[in-house]
Amino acid sequence: MGPITEELIQGLSLVVLTETSQAELLRCNALCRARNPAVGFIAADCFGLAASVFVDFGDSFMCHDKDGEEPRSAIVNGITLESPGTVHTHQDKRHGFQDGDWVVFREVQGMTQLNDGKPRQIKVTGPYSFTIEDTSGYSAYVSDGVVTQSKVPHPIQFFSYQQSLAQPKHAGEEMHVPDMAKFGRSEQLHFAVQAVMAYREKHGALPPVRDAAAAQECVDLAKEINAARTKEGDPALCVDEVEVEVVKKVAMFSRCMICPMSAFLGGVVAQEVVKFTGKFTPLHQFLYFDMFELCPEQDPSDWQPAATRYDDQIAILGKSMQQAIANMKIFLVGAGALGCEFLKSFAMMGAGCGDGKLTVTDMDRIEISNLNRQFLFRQSDVGSSKSHSAARAAKAMNKDLKVSAMEVRVGPDTEDTFDDAFWEGLDCVVNALDNIQARLYVDSRCVWFSKPLLESGTLGTKANVQVVLPKLTQSYGDSQDPPEESIPLCTVKHFPNAIEHTIEWSREAFETMFVEAPREGNTFMNDTAAYLQKLPTTGSGTSQLQRLKSIKRMMEKRADGAFDACVEYAVQEFQEKFHDSIVQLLYTFPLEHVTSEGAKFWSGPKRPPAPIKFDLKDELHIDFVMAAANLYAAILGLTQNRDRGQVTQMAAAVKVQEFKPREMKIKVDDKDTTGEGCMDDDEAARRLMAEMAEKGKAAKSKADLQPAEFEKDDDSNFHIQFIAAAANLRARNYKIPEADFHKVKMTAGKIIPAIATTTAMATGLVSAELLKIANLQARKLEDFKNAFVTLALPLWVLSEPLPPVKTVSKDHDPIIMGPVKAKPEGFTTWDKVECRLGDATLQAFLDFLTDEVGVEVMIMSSGNACLYNAYVPAHKKRLKEKITDLWETITKQKLSAKRTYLTLEVSASDIDDGVDVVIPSVKFQFR
1 MGPITEELIQ GLSLVVLTET SQAELLRCNA LCRARNPAVG FIAADCFGLA
51 ASVFVDFGDS FMCHDKDGEE PRSAIVNGIT LESPGTVHTH QDKRHGFQDG
101 DWVVFREVQG MTQLNDGKPR QIKVTGPYSF TIEDTSGYSA YVSDGVVTQS
151 KVPHPIQFFS YQQSLAQPKH AGEEMHVPDM AKFGRSEQLH FAVQAVMAYR
201 EKHGALPPVR DAAAAQECVD LAKEINAART KEGDPALCVD EVEVEVVKKV
251 AMFSRCMICP MSAFLGGVVA QEVVKFTGKF TPLHQFLYFD MFELCPEQDP
301 SDWQPAATRY DDQIAILGKS MQQAIANMKI FLVGAGALGC EFLKSFAMMG
351 AGCGDGKLTV TDMDRIEISN LNRQFLFRQS DVGSSKSHSA ARAAKAMNKD
401 LKVSAMEVRV GPDTEDTFDD AFWEGLDCVV NALDNIQARL YVDSRCVWFS
451 KPLLESGTLG TKANVQVVLP KLTQSYGDSQ DPPEESIPLC TVKHFPNAIE
501 HTIEWSREAF ETMFVEAPRE GNTFMNDTAA YLQKLPTTGS GTSQLQRLKS
551 IKRMMEKRAD GAFDACVEYA VQEFQEKFHD SIVQLLYTFP LEHVTSEGAK
601 FWSGPKRPPA PIKFDLKDEL HIDFVMAAAN LYAAILGLTQ NRDRGQVTQM
651 AAAVKVQEFK PREMKIKVDD KDTTGEGCMD DDEAARRLMA EMAEKGKAAK
701 SKADLQPAEF EKDDDSNFHI QFIAAAANLR ARNYKIPEAD FHKVKMTAGK
751 IIPAIATTTA MATGLVSAEL LKIANLQARK LEDFKNAFVT LALPLWVLSE
801 PLPPVKTVSK DHDPIIMGPV KAKPEGFTTW DKVECRLGDA TLQAFLDFLT
851 DEVGVEVMIM SSGNACLYNA YVPAHKKRLK EKITDLWETI TKQKLSAKRT
901 YLTLEVSASD IDDGVDVVIP SVKFQFR
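Residue numbers for the sequence shown follow our numbering, so the first one is 1 and each next one is one higher.
The reader is advised that the hints may include incorrect statements.
The calculated label-pair distances, taken between Cβ atoms and stated as ranges, are [unchecked claim]:
# : residue 1 : residue 2 : range
1 : Val382    : Ser809    : 56 to 66 Å
2 : Glu676    : Val382    : 40 to 50 Å
3 : Pro824    : Asp220    : 54 to 64 Å
Hints are computed from structural coordinates only; laboratory data are not their basis. Idealized CB from N, CA, C, for every residue including glycine.
Build the full structure now, drawing on both the sequences and the hints.
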């Protein structure tokens, strides 16, 4: 391809340049800025262990969404008449707004001036309050109102590349500091990179690898550039002194390109390309990043090239280090978005390509939706095993890779597969999981067997990396993320105020109607008498009646055999869910209803609903009927009908009974102990049970109803269509803004947004840590880096891993209500008490702890099984039994032949003074 010309740039929106000379960068940037509107410009360079990114989107770039987060909403509880006016939000949930946010009000009663739809900038004064403009001239606030964040476009000014070389910081801003331990490093790298590029301009090539003279020349150039900037004065950037070692490390490895840095840089730059659309905040304007921790303390003597694919890595680390990487035995748990990228990176770095081995396991199969970010998979792989397909693709990239693919879940039930010998044989474990429970289990295994663990995860543009090192750092289980916010049951069932509530309700409706109902129908038809005998012990009369009616209806509709019976079912469900139940709710709690404290019942988070009448002309109504009727036909084994016109005609023929509300009890919140239902339903349920007993005897139906298996990725199966229609109809009931199909699919399918840019960037960070673990014994803790990244903002926070949490003695423990001793003092999760008595009795084990640890055991357990309790007299006879026999008797399980130990937890007291004692877990080695 020829040179970049003005004509070429005319047809472009954005230009990205890599490995380009300084002169060419200056020329192309000027061409991009000369266009109207300006053509976006990104320059990126990787110089071995250092990288730079520069972004210029013109003099006035409009950012439409600074962070990509879903707008937060809060319920208004009061607004003052003053300057500035203070808005108080309902105290059931923090508003979550930040200073400078823009918000829009709706549905405010009284102070209607705020319902004009205009964004207002706020100042936060507390978790449940913020101020807006002068409201003293407005009407007084009466009640209600919803306030929602608004994405207001804002302009961002960029400097040209030429100006930024001298002035990399805008007024009031500082340069990005990705690593908390490297303040001032970005400024040093700014001069180091300029010096290396100046060397290239002068000599026509980058400095040779580990060439001391060339590196010194770059140091001299950096000092010259800094001196020139010092003479220019403000606003030009200068440093007090150029750090010689920083410049030398950039210069000596500038010709090298290693996978960790390439992946990190590629992810960052690709995300900046996306930002030119106005989504997310662009980099402003330089990012400098280094991985100098990878440099060995002593220069390796075996760094010379060997004509292999690993020469760049060898130039930095040395051949012996490369061999150590090749000999690593790695366990990769997960082969999804991160897992694919890890496999690719490890293959490229040569990990497990010598005497080592890479074991990867994943139970999942490849779905179509995986293909946009799990790049080892192709269309032809859909339906195949993720682990086997990914392993095959990685081996195609490096034939020397020794990889073993498995489809086994890692958990307590597979400890015969992943046994002691397996864990003991590993050098490192890498997690690529998407759930906390599995992460905690793998973490617990790594702690138990003292194995390094690289933990990471992504969520949209966010990523985190945690390095877990035996005895040196916290484990993953030492510090967990807060649990996900759950929606109160009563909110979902009766009082939704956000679209997420109605989506949750419709997801539960899907489970009830198309999963649980046919399963219950099969149970009934398999053994009618047993089902009816058990039914009175489950739930209220109202719920029993509903379940029996559901079974009766399924039997009748299947006997009918016609699709119009399924349409009739769908219309009746529409009537019950979006009309009758709302009429009943308003009958129980009328619009003018007040609480026992005299407050309006329908206020704050309780939005007054309105019933919906079925309307053939409303597309959303037909969407619901189409989806519900076809799903019902599928569970009954009837032929589906996808002709919208025919289904609409069938729906027109359905007669709906007039609904009359009854006296019912309904819970007002999750603390309410009221039993929901109608007293009359108890008798009705008994009558229907007698009728169904006769039907069950006479029925010739087979128990072959086909419960739906929720599948979010098949848009032709009506699953998401049903949930979307039901969620939006319920939103209409409660005057909640509706959601599009994609939003419903993401929420109902619990899809964790994963994008290729974040995955690549996180892979670079994890891969760098893996290289450090290859020679862990020679490393210091400060060499390792945990990371938290949000590419949308953008924000990088790298920091040294925290030391393990120590258990220490306390004068007063709030749980025990007294003093507690730690034995040994300051032990951590990495410590354990080793007991090698063989297949000993409980008494022998208790004596061992008394003699070796100085404690008297009061309670002893293994997992959920209590093996001994000194406070229970009957347990004294257990003292003579073997611990292994006790375990098998109590758990009703046989110990595997591969099992050599039990993990025991004890509650004990000091033998001298009787004070409660906490000790590490005990490894009872019985074989």
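Structure-based check of each hint:
Remark: the range hint 56 to 66 Å for Val382 to Ser809 is upheld by a beta-carbon distance near 58 Å. Between Glu676 and Val382 the Cβ separation comes to about 45 Å, which falls inside the hinted range of 40 to 50 Å. A beta carbon spacing of about 56 Å between Pro824 and Asp220 agrees with the range 54 to 64 Å that was offered as a hint.
In the structure shown, no violation is registered for any of the earlier numbered hints.
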